[in-house]
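Trainee: If you're matching them up, the sequences are chains A and B in order.
Residue numbers for the first sequence follow this note's numbering, so the first one is 8 and each next one is one higher.
Residue numbers for the second sequence follow this note's numbering, so the first one is 110 and each next one is one higher.
Hints are computed from structural coordinates only; laboratory data are not their basis.
Check each hint, because a few of them may be wrong.
Only pairs whose alpha carbons sit at most 30 angstroms apart, straight line, appear in this in silico DSS-like list of lysine-lysine [claimed, not checked]: (1) B:K161 / B:K290; (2) B:K161 / A:K46; (3) A:K89 / A:K46; (4) A:K46 / B:K269; (5) B:K124 / A:K12; (6) B:K124 / A:K16; (7) B:K269 / B:K115; (8) A:K16 / B:K161.
These stretches of chain A come out as covered by chain B in the derived footprint (C-beta under 8 angstroms, 3 or more residues) [what the hints assert, rightly or not]: (9) 25–37; (10) 76–90.
Glycine included, C-beta positions come from ideal geometry on N, C-alpha and C.
Listed below, chain by chain, are the residues.
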Amino acid sequence: MADQKALLKQITEVSFTVNDLTLYLDTHPVDENALTAFKQAMEQRKQLLKTYAENFEPLTINCVCPDTNNKTETNTKYAGQKHFTWVDGPLPWEGGNL
Amino acid sequence: MWNYEKRLQFPVNIKETCPKTASLIISQFGGPDGELAASMRYLSQRYSMPCKEVGGLLTDIGTEELGHLEMICSIIYQLTKNLTIEQAKTAGFDAYYIDHTTALWPMAAGGVPFNACEFQSKGDAITDLIEDLAAEQKARTTYDNLIRIIPNPDVREPLKFLREREIVHFQRFGEALENIKSNLNPKNFYYYNPEFDKQFVKSTMQ
Numbered sequence: 008m009a010d011q012k013a014l015l016k017q018i019t020e021v022s023f024t025v026n027d028l029t030l031y032l033d034t035h036p037v038d039e040n041a042l043t044a045f046k047q048a049m050e051q052r053k054q055l056l057k058t059y060a061e062n063f064e065p066l067t068i069n070c071v072c073p074d075t076n077n078k079t080e081t082n083t084k085y086a087g088q089k090h091f092t093w094v095d096g097p098l099p100w101e102g103g104n105l
Numbered sequence: 110m111w112n113y114e115k116r117l118q119f120p121v122n123i124k125e126t127c128p129k130t131a132s133l134i135i136s137q138f139g140g141p142d143g144e145l146a147a148s149m150r151y152l153s154q155r156y157s158m159p160c161k162e163v164g165g166l167l168t169d170i171g172t173e174e175l176g177h178l179e180m181i182c183s184i185i186y187q188l189t190k191n192l193t194i195e196q197a198k199t200a201g202f203d204a205y206y207i208d209h210t211t212a213l214w215p216m217a218a219g220g221v222p223f224n225a226c227e228f229q230s231k232g233d234a235i236t237d238l239i240e241d242l243a244a245e246q247k248a249r250t251t252y253d254n255l256i257r258i259i260p261n262p263d264v265r266e267p268l269k270f271l272r273e274r275e276i277v278h279f280q281r282f283g284e285a286l287e288n289i290k291s292n293l294n295p296k297n298f299y300y301y302n303p304e305f306d307k308q309f310v311k312s313t314m315q
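The shape of chain A in the complex, shown without the other chains:
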């Protein structure tokens, strides 16, 4: 089973890379090294978000798929029942839940 805490940490790290490169590319839109790094980080982020949503709650609305989300039925009130998985998981400001 995927380690939720480790997976979320990876998502935080790769998303930070995407975020910081976004600002850099806003002022250096033709920097080839930055464009390559952005592409790699985006691919990694997309894959990690997908894996996270399959095992746990979806983190973005684009990851919401009631048929495939949260296989482990972690942090949900609706185990065994088809439901809107966007309501699963902890609220981000609660902290310490993972």
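Since the structure of chain A is already known, use the hints to place chain B on it.
Mentor: For chain B alone, kept in the frame of chain A given last:
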């Protein structure tokens, strides 16, 4: 248009209740150099910015500031969520508790409510970008002051992250200012206002 991502930009996991610390950090929510003023400043200025790359940068930094606002609110929330009535009497938090219990409300550490006068949207690209550069430095100083007096590592780590972001944003705004200037009259940057005197603006800027 915005979409929410259900995670913090940097983790906030605070174990120890401390209303005194919360009453100081609240300045970075609703204070003069806080994250609410930062996001509203950039997201307000962007519409009339003459250069689309700079308008894009203001959107992206303004959006990140909303994520910072969420981190600051999470810190304050976690510092006070298990507050006892005895702890509520702590100097610096008692007055806040009377008006807001443990809810989040934007104000400065000195008790002044959030006010739009804490930022400017002037409608002149040079003026606004220099305001943005100063804003990032003022926020960096506030984080320096907080980090200097707060010993708890659970609180310090996210504050250190936020402080570093101020420096990165300062760098990006500096590049944006150079971009604007490169499209102005090099003999006199103040010859016209690129956000108003559109007949002078080169097509490269749009």
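Trainee: Which hints from the list above does the structure break, by number from lowest to highest?
Mentor: Result: hints 3, 8, 10 break, sorted rising.
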